[in-house]
Amino acid sequence: MLKKILIANRGEIAIRVASACRQMGITAVGVYSEPDRTAKHIQYMDEAYLLGPASPLESYLNIDKIIEIAKNADCDAIHPGYGFLAENSDFAERCEREGLIFIGPRAETIRLLGSKIESRKLVKNAGAPIIPGMELSSNNFEEYRKAAEEIGYPVLIKASAGGGGKGMRIVEREEDLADALESASREAKSAFGDGTVYIEKLLKKPRHVEIQILADSTGRTVYLFERECSIQRRHQKIVEETPSTALYPELRRKMGEAAVKIAKAAGYLNAGTVEFLLDEDKSFYFLEVNTRIQVEHPITEMVTGIDLVAHQIKIASGEEIPFEQKDLHQRGSAIECRIYAEDPENNFFPSSGKILLCSEPTGPGIRCDSGIYSGYEVTVHYDPILSKLIAYGENRRQALERMSLALKDYVVLGIKNNIRFLYDVINHPEFHEGNTDTGFIPRNFPEYQIPQNDNDKLKYALAAAVYHSEKKSPAVGVYGKSEAPTPWETLGAFRLF
Amino acid sequence: MLKKILIANRGEIAIRVASACRQMGITAVGVYSEPDRTAKHIQYMDEAYLLGPASPLESYLNIDKIIEIAKNADCDAIHPGYGFLAENSDFAERCEREGLIFIGPRAETIRLLGSKIESRKLVKNAGAPIIPGMELSSNNFEEYRKAAEEIGYPVLIKASAGGGGKGMRIVEREEDLADALESASREAKSAFGDGTVYIEKLLKKPRHVEIQILADSTGRTVYLFERECSIQRRHQKIVEETPSTALYPELRRKMGEAAVKIAKAAGYLNAGTVEFLLDEDKSFYFLEVNTRIQVEHPITEMVTGIDLVAHQIKIASGEEIPFEQKDLHQRGSAIECRIYAEDPENNFFPSSGKILLCSEPTGPGIRCDSGIYSGYEVTVHYDPILSKLIAYGENRRQALERMSLALKDYVVLGIKNNIRFLYDVINHPEFHEGNTDTGFIPRNFPEYQIPQNDNDKLKYALAAAVYHSEKKSPAVGVYGKSEAPTPWETLGAFRLF
Amino acid sequence: MELIYNDKKLNAEIAKGPNGYRLIADGEELDLDIGRLESGAYSILIKGKTVKAYVGSDKESVFVQINGSVFEFHIPKEDSERRSDMDSASGDEAYAILPPMPSKVVKVLVNVGDKVSVGDGLIILESMKMENLVKSKVDAVVKEINFSDGDLVDTGKVIIQLEKPNGDNKG
Amino acid sequence: MELIYNDKKLNAEIAKGPNGYRLIADGEELDLDIGRLESGAYSILIKGKTVKAYVGSDKESVFVQINGSVFEFHIPKEDSERRSDMDSASGDEAYAILPPMPSKVVKVLVNVGDKVSVGDGLIILESMKMENLVKSKVDAVVKEINFSDGDLVDTGKVIIQLEKPNGDNKG
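Those protein sequence lines, which keep their order, are chains A, B, C and D.
Quick note on numbering: the first sequence equals residues 1 to 497 in the working numbering.
Quick note on numbering: the second sequence equals residues 498 to 994 in the working numbering.
Quick note on numbering: the third sequence equals residues 995 to 1165 in the working numbering.
Quick note on numbering: the fourth sequence equals residues 1166 to 1336 in the working numbering.
Source of the hints: derived by calculation from the structure; they are not laboratory data.
Be aware that one or more of the hints could be misleading.
With beta-carbon atoms standing in for the labels, derived distance ranges [as the list claims (entries may be wrong)]:
(1) B:Pro626 x D:Lys1300: 32 to 40 Å
(2) A:Pro322 x B:Arg750: 22 to 30 Å
(3) A:Glu142 x C:Asp1001: 50 to 58 Å
(4) A:Asn395 x B:Pro629: 16 to 24 Å
(5) B:Gly549 x A:Asp454: 28 to 36 Å
(6) A:Lys124 x B:Glu817: 32 to 40 Å
(7) B:Glu777 x D:Glu1167: 53 to 61 Å
With a cut-off of at most 30 Å between alpha-carbon atoms, the simulated DSSO-like pairs for lysine-lysine come out as follows [stated by the list, open to error]:
(8) A:Lys354 x D:Lys1214
(9) A:Lys121 x A:Lys201
(10) C:Lys1053 x D:Lys1181
(11) B:Lys851 x D:Lys1269
(12) A:Lys457 x C:Lys1109
Where is the CB? At the ideal position from N, CA and C, for every residue including glycine.
Let the hints inform the model, and build the full structure from the sequences given.
Dropping the structure here:
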């Protein structure tokens, strides 16, 4: 078993990995940028070392520095989490060269699957279904134009190195194509250091359904069923659930087996996710492989009872997967909501600032993987994810009921966040019916406004605000009519009494 | 479905029940005694009403007042939690008479099973194994003496109305019998209002293994497998786990079926627990039926995926249990540690006072059902349970690893508590081997002392204490040798550097 | 004390009351019982109804969360301070384009003198690795552009100043 | 500042240091970096090692928890206060039987003048519905009994005062 692991990440995922390490008696080594000195993740490490300034290139993407720290601290492995260097094949290769175990697939697998264009070829050869689209990228606008015309509008521009919705654009009409290509390529370049983009067919009401896989060094490869991730804003998932309301046992088995086939064709090692688009007619198309632990892995852990991060570490240690496909079962239902520092009333624009008060929900079936605390300062430098709230239930209905209550009990004051928005999403009738596709949010929440607060609650809030503000010791004297509170007829819609 | 439930309890179990209610859209009505105005449980209610002064008889045991509140608030049911009125057949009967649904078995079932002597008869007639002992209580010392002689020393004195270790005494020699009977009877009288005690055989190294059951109004009765509760101090469980390391599938089935047989013989309704003693030779003997939700119910929820409290409410609403025995499976392993305000260095004497700081563990597989918060005042009036920490794992080893880490991360400062003791219990080699019986704690921790802190940690603690105390803004000036810190050679064993 | 909620000034006091406390505002009253829980958390009881209120505050604001609803109260600044703030923002906020957080200007899409309509793109900003297209909320004319492509802009800085179109009397 | 740990007086200061802060005690020094987290929680770094310290305090004590270990520091009282405390407790604490929390006296098992040995039962107390047998930690003679069966006893009150047996010089 590995003895000491450097966790090359921050926030909730760094804490998640550190917990797995510490539980298994493995020393967890953290890294942090200057503004992250008091970030939550380093509090869960046994050791922690400074990477450098805030900028990701100088800190969490600084390969030389991370390797140097890992070697100086005598680590035997590096866990990259998700994002940052997680799908960087150069980094994986560098680890291999420096005698450090990279907890993830082999560098060549990451490189192969990291190119959407290459991976489409691989999947096609393996006989799994792919979505109609360009087989090559290009520097020539004319080729993009022709490809789009052949595929038929609307088309989707995607970054070859992409993920997380960055570098993606929907193009409805040819006249918008040039601008969209330019903007997508620029965003891709900035996010991944690679501006290559390509075009594929845009399905009408697709669901995003992905299959979790685990593969060990003996080649044993199993699937841990699906996650439905159709609820997206700005092409980024914000609500995920399993089982998917769209799958039935035979389709689940077919998609699982396709995922295993693709993984085997790629010589896959460790945990990974094969993403598919599921069309309304239940055809499914390969989208991409995420060669890392996913943000939404906890819902799979809830319904399978399997600790994916612990198995990542065991597989990286050379252990065989201790179960077979027939041992794996889904039980109950789980849903995840991603809590972001963002403004749902303003196109989900990221937000920053100090969290004045934070109180996180607990209870049966509730798990909160969090990177924040009361007094924590959310900076502008990194992804605005704050935490993930996960609810398990005996069935989908109970998972939703538990999630609803947990979202109501989740307190993050001082910065804009999407907690109330998520509550409204999962309580939308279409969501209740399981009628989820990637157009769900644009269709149902085109101009989202947080619902108006009611007057009773405003009274209580005002009382709490005054009580709290008066130095927590309200001074005002004897019970009786107050002398001269100013009139507040001005209050209009908010007249209190 | 029920619409409004009064929860006649306090602390973590009141919160647990309130969560289930609120998730299901049922209005949760709380009650509280005067010192409980700022207790945690009423914060999880939709409504809350004052019962009366601190004394349980005037508050949480005040049947008239509770019924009055329930009727005034228009409740349709009462959930009693555990302890207090949970096993009081008069209360259940009163509810029935007043048109309120008592969420638990019928009053007559509670009365029958509440008498250890009566329930022994029932079980004997049902053909399930009982432990050798007195069939009758008595007011005559001579009858006790004869019974003890027949059964053979050591014997166990137990309260007929008992539970939670109250009114229990082990007697090794005849000369101690009289004193023990007197003391046990006095304690039973004070705890349950009934001083009746009886004598049964004391098994040598018994395990306490109990079976969770659910029964609906159509008579469908299922078992949700076992909980091993052998780790006890002062005859009260402090660590529980499932599956038991002592059971194998055939024995599990036999015990489960015996539990269902007993439940059916008693006309059982709702959730309940049939407790057995398991001897070293794998014989098992009926101990008693707990006619309520148990403190340790969460570990069953973790391994079966079933929400017991939600099913209690559904059964009370008249719904049928929606699954059969064959649908129920244990998956993984779960363990619970009960966090008490008590002094493990001083015979677990209860402790009270203000919790100066509280920080509770979270993470994959961790659940903490808690009744405390930073600043909460633990009073002397009620049971000293503070919270329950539950850990799930793919297997027993992982459950223990997660529990160990969670206990280390559990911060309760300002009052004596058993967190460190629990850590030492579950990390004891005998516990790791699953070698648990009711003698585990007296045998392995006869004179428990919290392990000495190491000097490195003392340095860090001192730094934190000083930093914190200096108004959180250390004033001391420039970096450089300080002038005159007093010598601390006096430190002896704690010399720091 | 004075608090501002949704641009309306509220004047409220807490006095002792028969059930613990009394909220007094506009000469009207609400009796309630307030208990202090952990830091920033309060238990309010009103005729049996129980409410848990969470409060977080800094110099400018008091945030309160009750059962999933967030209330943001502002603490009134001195009038003079307010006025100078108003000046720097040059009146109506829809006409002054400010970044909601420190951002990088990816591309300015308009020129001084351009007429813009509601929904027209003005500028692409990047924050936290995401591009955001800022659209106009008004029909207007571009008056000033204070930053160029590639510039970093801090919060509170006006990037683009719009003005009402000539002869437009609607505003 | 002065703190008492396990009956030993510690004198420690925190100064600014090259890595943030310096703990100075006994003329010796430890460089560390301290960061403030949520209320009562601190992050300490010492040459790469990371420690999360939780601190809770009241007027008399500062409690610190680090990785499952609890440290209880006492804040020294004024000497005079201490002395009078000592007086009221009549010296060695093993000879003064006090309830660890408010309790009810169920039964006093000894009489004034009785000789008791280590482990002998002195009194049965009841707290939180549980009976607790209090045993002697010393060989002694019962000097005073200040409460009777059924009495309620608050913390800080001596229930039974023992004294060293006559002629016993070990003590």
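We went through each hint and held it up to the structure:
no.: 1; hint: B:Pro626 x D:Lys1300: 32 to 40 Å; in the structure: 39 Å, holds
no.: 2; hint: A:Pro322 x B:Arg750: 22 to 30 Å; in the structure: 25 Å, holds
no.: 3; hint: A:Glu142 x C:Asp1001: 50 to 58 Å; in the structure: 54 Å, holds
no.: 4; hint: A:Asn395 x B:Pro629: 16 to 24 Å; in the structure: 46 Å, violated
no.: 5; hint: B:Gly549 x A:Asp454: 28 to 36 Å; in the structure: 33 Å, holds
no.: 6; hint: A:Lys124 x B:Glu817: 32 to 40 Å; in the structure: 51 Å, violated
no.: 7; hint: B:Glu777 x D:Glu1167: 53 to 61 Å; in the structure: 56 Å, holds
no.: 8; hint: A:Lys354 x D:Lys1214; in the structure: 27 Å, holds
no.: 9; hint: A:Lys121 x A:Lys201; in the structure: 16 Å, holds
no.: 10; hint: C:Lys1053 x D:Lys1181; in the structure: 28 Å, holds
no.: 11; hint: B:Lys851 x D:Lys1269; in the structure: 21 Å, holds
no.: 12; hint: A:Lys457 x C:Lys1109; in the structure: 44 Å, violated
Of the hints listed earlier, those the structure fails to meet are numbers 4, 6, 12, in rising order.
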